[in-house]
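Trainee: Take a look at the letters that make up each chain.
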Amino acid sequence: MKMIRWLQRAVQFSLPSLAVLALVVIFIPSPAAAAIPTDRTFHIEARRFEYAPATLTINPGDRVTLELTATDVVHGLSIDGYNLEVTADPGQTARLTFVASRQGSFRFRCTVTCGNMHPFMIGKLEVGRNTLLWKGITLLGLALAAGMWRLRK
Amino acid sequence: MSLPQEIPWLEKASSAERGAATRQDRAAPGRVNLLRISWLRPLLVSRWPQFLVRAVTLAGFVFAITAGLLGSQVGSHNFAIIFVWIAWWTALKLVFIPFGGRSWCSVCPIPLPGEWLQQGGILEKGRRFGLNLRWPKRLRNSWLQSNGFLLIGLFSALTLTDPRVTGWVLLALFALAIGLSLIFERRAFCSYICPIGGFTGIYARTAPVELRVLDNAICAAHIEKTCFQSCPWGLYPVAFRDSSACGLCMECLRACPKDNIAVNLRPFGSDLTQPGSRTRLDAAFLTLVMLGSAITFAAVFTGPWGSLKSAAFAIGSLAWLGYAVGFLALNLLALPGLFTLTVWVGHKLSGAKLPLRQMIAEQSQALLPLGLMAWIAFTVSFALPKLSYILGVVSDPFGWGRSLLGAAATRWSPDVSGFSSILQVILLFTGLLWAGRVIRQRSWPVLVFCLGYSLTMLWLLVG
Ligand code: SF4
Ligand SMILES: [Cu+2]
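Protein chains in written order, with my numbering: chain A, 2 to 154; chain B, 1327 to 1789.
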């Protein structure tokens, strides 16, 4: 009987234990992907406030070449978390090659003021699995379980 | 003496309930009365510190209007855009609201000129000015503010990026506040129209600050009710059941001859879990509009969908019409519909004997922490990559290309993306966890609604 009550208390979702659990989920290292690195080339058309294609999917370790063509005014491209930048003049194509060393989902942004929505001209580079998204989903599941646990009583 | 009848919430509360709420507040655990802190007290009681801050915000406001109307057309180089939509808007959602509730209202410049006219003086009061009419009873709720917020959503892409438009919007707010204060009594604009006030007001219920009366009996015996007489908002502190209406201007404690008012630090979310706390349907709707707006802002401003951005920006075009229909459908149909459905199912399962309207209003309180955290997460994603612009416009506020601080100021851009995404995930997690603690009557379907919302935000922000 005592044992059961102790167990009950142990699984109870107290805030400190949840916080610890959450940190473990966030910072636990995720297994590295095992895809063989390849060379990839993307043609990206940049026009006011959008990149086409806007989402690039690659594997960690890939050697990526971006060919950026600006169709209306000067546009640029830099990737969050990568220290790179390229700009293309109207009608011209600029090239950028890099090795995708970091896994995850990264936004890339225009670097040359090109109009009102310029600060929000954004695309997405997905390198392998987006582990942070999955960690987030796990955490939300945890929060759901905690809520259910509380409402059960 | 018809004073107390003028306060909407008081009309609804029975006298026994009123007494209970206050007694409970006094006995409530975890309150620290800031007025007991000897160095802080004079800072709150004197009008001077507040006046100095207000002078600064007023000057900044006027400067922002000037820069918006006269400065560079390029938003990211204009003081108005960067200071209003990056600096102030970020500070509002990251600091003022989560830690101070309506604290922004205590230093807000928008109503000041009107208020000074109304009271016929700046620090001291003189002859009153204006018609001093009562605000229509039918409009004593937050429906207008919800509509204001919907309008902001419809035109956000232009307002947030065009200095001229930002300038005109600020000027219009200013004019409206002054105009209304000359027609109606007290802060009609702040209480029933200002969308910022609607935003800060509902989330103030989650914040760790409250202004409350210490002892009800003392107030009951005090015939003059000087606090009520002097409140620029026309509120009566004894009636406070939550913190959504109080603008924390501190005039009541300056007027109270019995030192019967406390400014408390309290646990986060105290207003939500307090047994007697209630919400009305209009507040529930405003809460839902906030949820819908956060989703829309996240999709438009931090998502990779260029056509959505162009549609939101090209006001009047066919694409924009599509965006507007989608936005209104989300806010007027999808979210209210889904929420009502989950409340209704939860209601049936738990067998609670309350009218559905009241259940919707009560359960909507769970959406406050959920929405607050979603807004903070969006703000982190929206503003962190742009903080570097701030130095740039401090150095060259009109964007005329004359840098006061040198070129170095515009080239500083730290890489915060990794940290920022982790923070967003933690914030959304906290929001859902917190919402789960506010839901009532074992209504787990409402929790599922919240989960769906958090998953959507998660996908938009870090997906
Ligand atoms: S309600 Fe609006 S105008 Fe009034 S003080 Fe608050 S933010 Fe300012
Ligand atoms: Cu661009």
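Any given hint might turn out to be false.
What the hints assert, rightly or not - Pairwise CB distance ranges, derived in the manner of DEER restraints:
1. B:TRP1415 x A:ALA146: 21 to 27 Å
2. A:LEU24 x B:PHE1377: 41 to 47 Å
3. A:HIS44 x B:TRP1494: 40 to 46 Å
4. B:ALA1547 x A:LEU24: 52 to 58 Å
The set of hints was computed from the structure by calculation and includes no laboratory data.
Cβ coordinates follow ideal geometry from the N, Cα and C atoms, glycine included.
Trainee: Determine for every hint whether it applies to the structure shown.
Mentor: Status of the hints after comparison with the structure:
no., hint, in the structure
1, B:TRP1415 x A:ALA146: 21 to 27 Å, "violated, 34 Å"
2, A:LEU24 x B:PHE1377: 41 to 47 Å, "holds, 44 Å"
3, A:HIS44 x B:TRP1494: 40 to 46 Å, "holds, 41 Å"
4, B:ALA1547 x A:LEU24: 52 to 58 Å, "holds, 53 Å"
Of the numbered hints listed earlier, the single one contradicted by the structure is hint 1.
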